[in-house]
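Asks: Below, each chain spelled out in residue letters.
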Amino acid sequence: MDPLLQILKERGRLSSGELAQLTGKTEKEVEKALRQYEADRVILGYQAILDSDKTGHGGVRAVIEVKITPEREGGFDRIAARVARYPEVVSCQLMSGGYDLLIVVEGPDLKRVAGFVSEKLSTIQGVISTATHFQLKTYKEAGVLFLQDDKAERLSVSP
Amino acid sequence: MKKADDFLAEHVKGIPRSGIRDFFEIVQKRGDVISLGIGEPDVSAPWAVREAAIYSLEHGRTGYTSNSGTLKLRNEISAYIEKIFGQRYIPESEILVTVGVSEAIDLALRAVLNPGETVLYHEPCYVSYAPSITLAHGRGKAIRTKAEDGFRLDAKAVAEAAEGAKVLLLNFPTNPTGAVLRGRELDALAKVCVEKNLLVISDEIYAELSYEGAHESIVTRPGMRERTILLHGLSKAFAMTGFRIGYACAPAPLIEAMMKIHQYAILCASTLSQEAAVEALRGAEGTTHEARESYRIRRDFLRRKLEEAGLKPTNPAGAFYLFVDVRSTGLTSREFALQLLEEEKVAVVPGEAFGPGGEGFVRCSYSTALDRIEVAAERISRFVKKLRQGQPQLAAAR
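The listed protein sequences derive, respectively, from chains P and E.
Just so you know, my numbering puts the end of the first sequence at 159, numbered straight through with nothing missing.
Just so you know, my numbering puts the end of the second sequence at 398, numbered straight through with nothing missing.
Please keep in mind that the hints were generated in silico from the structure rather than gathered at the bench.
Be a bit skeptical, because a hint or two may be false.
Claimed, not checked - 27 Å max Cα-Cα, derived BS3-like pairs, lysine-lysine:
{"id": "1", "chain 1": "P", "residue 1": "Lys-25", "chain 2": "E", "residue 2": "Lys-385"}
{"id": "2", "chain 1": "E", "residue 1": "Lys-312", "chain 2": "E", "residue 2": "Lys-146"}
{"id": "3", "chain 1": "E", "residue 1": "Lys-196", "chain 2": "E", "residue 2": "Lys-141"}
{"id": "4", "chain 1": "E", "residue 1": "Lys-196", "chain 2": "E", "residue 2": "Lys-166"}
{"id": "5", "chain 1": "E", "residue 1": "Lys-13", "chain 2": "E", "residue 2": "Lys-146"}
{"id": "6", "chain 1": "E", "residue 1": "Lys-345", "chain 2": "P", "residue 2": "Lys-151"}
{"id": "7", "chain 1": "E", "residue 1": "Lys-196", "chain 2": "P", "residue 2": "Lys-25"}
{"id": "8", "chain 1": "P", "residue 1": "Lys-111", "chain 2": "P", "residue 2": "Lys-67"}
{"id": "9", "chain 1": "E", "residue 1": "Lys-146", "chain 2": "E", "residue 2": "Lys-196"}
{"id": "10", "chain 1": "E", "residue 1": "Lys-312", "chain 2": "P", "residue 2": "Lys-151"}
{"id": "11", "chain 1": "E", "residue 1": "Lys-166", "chain 2": "E", "residue 2": "Lys-141"}
{"id": "12", "chain 1": "P", "residue 1": "Lys-120", "chain 2": "P", "residue 2": "Lys-54"}
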């Protein structure tokens, strides 16, 4: 993988100047490469990972297993896209196994999330059933651990 | 009545205190230091490895293992070595699991040396080689490698020094210089070893951290397998330094001799660590590739920044150290390291700790996290700039 992407994957907040320093390119070259990656949709976005317990704007999150009927043309794609376009849906994936779509839904409170499931999701044509699991606590997200390891004692100088 | 000192063996008394230990104590006294002085990865072992250790404890695997190490681990080692070194060793008779490569070096030297026999080693080198030779009652003979050759070992220099020597101790990729031996240089060296009938003890602990093409081991060269004790371990590539697992691979009679010492002195490596090592080797491919690519980014960054600051770092093809020429500052390596620590709170290791050939250099480890390296590089640049402003004649000499 391009070192530029490798660095960005871990530290998305770096400026072009800092990225240039780290990769040995000029700032202009970095910006050009980034624009190209964005245009090619290799880079799809840049986000902060927040601990919503601490921001105080947590709301409610639910993981929903959805069974749908595949269509003659297009299989699962059309219904999946229809579900995914709702802003309440944070992620949407086609799965193997006992159900078809695994979606994560976010809302300000339980009532709104429940309302989304019963009024919008379940009523989409082709949706056969849903099973909703409300999230209780986050331990890890997007590769980031929410619990902190104890700082390991390490010698400051060693052979 | 005798003083406590009088009880000490002469050859132990003669070994000087480790330069690294001295420097460590100075660094310890200062808080808030960014350390480029560490000789280990700055991350914990992969979670799967730690989890395997916990599992082994949960299941009560707390007894001794076979002196040689569990057969399960030796099987994994055999498969792993065949894959990355291209040489097959029989798990039952040609592999010995040790407490780190450090123990394996000690065993190898003690198993083959009669008192007074000569061991050649290249220098600057890892701090334990010369003392380990002395402790095994051998006579160490250093071959100086030079910055202008990228600190690689020249076969001719070995041939010239080989008269009367029994053993050649090698460490490529090298701590502290990052030097690597490959292709024809390795062919030539192997030829000299066969001609001069040298036994080679080859510490290849940094094998996975080779940045310019796959690692090459001297053991793959014609005539070398029967005269080489290959040493490797899990500390560096798998960030498992504290687990203390190393191993030796060699023809059965050599392993058997090392085993004689190991079984009485150590008995066996930690059972828990052996279980963890099995897990590490099974998941090896992903772990080592990821680590190497991450080190490569840090190496390229730090080298560029130090060059911009007007210093001359080596271009290391392996390990995770830059050996940096600081002679243009007019300071000795120790003065440079001490003043840098004092003024900018960055710790690097004075090159003299790795033998007289290291004077004029400092070792900067890039196994520290990238954001820390960024800050350290910034501070080193500022430090060098200040030095040059204070010493205009040096700035002019650059």
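Asks: All hints, please: hold or fail.
Replies: To see whether the hints hold, each was checked on the structure:
no., hint, result
1, P/Lys-25 - E/Lys-385, "holds (23 Å)"
2, E/Lys-312 - E/Lys-146, "holds (14 Å)"
3, E/Lys-196 - E/Lys-141, "holds (15 Å)"
4, E/Lys-196 - E/Lys-166, "holds (9 Å)"
5, E/Lys-13 - E/Lys-146, "violated (30 Å)"
6, E/Lys-345 - P/Lys-151, "holds (20 Å)"
7, E/Lys-196 - P/Lys-25, "violated (49 Å)"
8, P/Lys-111 - P/Lys-67, "holds (22 Å)"
9, E/Lys-146 - E/Lys-196, "holds (23 Å)"
10, E/Lys-312 - P/Lys-151, "violated (34 Å)"
11, E/Lys-166 - E/Lys-141, "holds (11 Å)"
12, P/Lys-120 - P/Lys-54, "violated (30 Å)"
Hints 5, 7, 10 and 12 from the earlier list are contradicted by this structure; the remaining hints agree with it.
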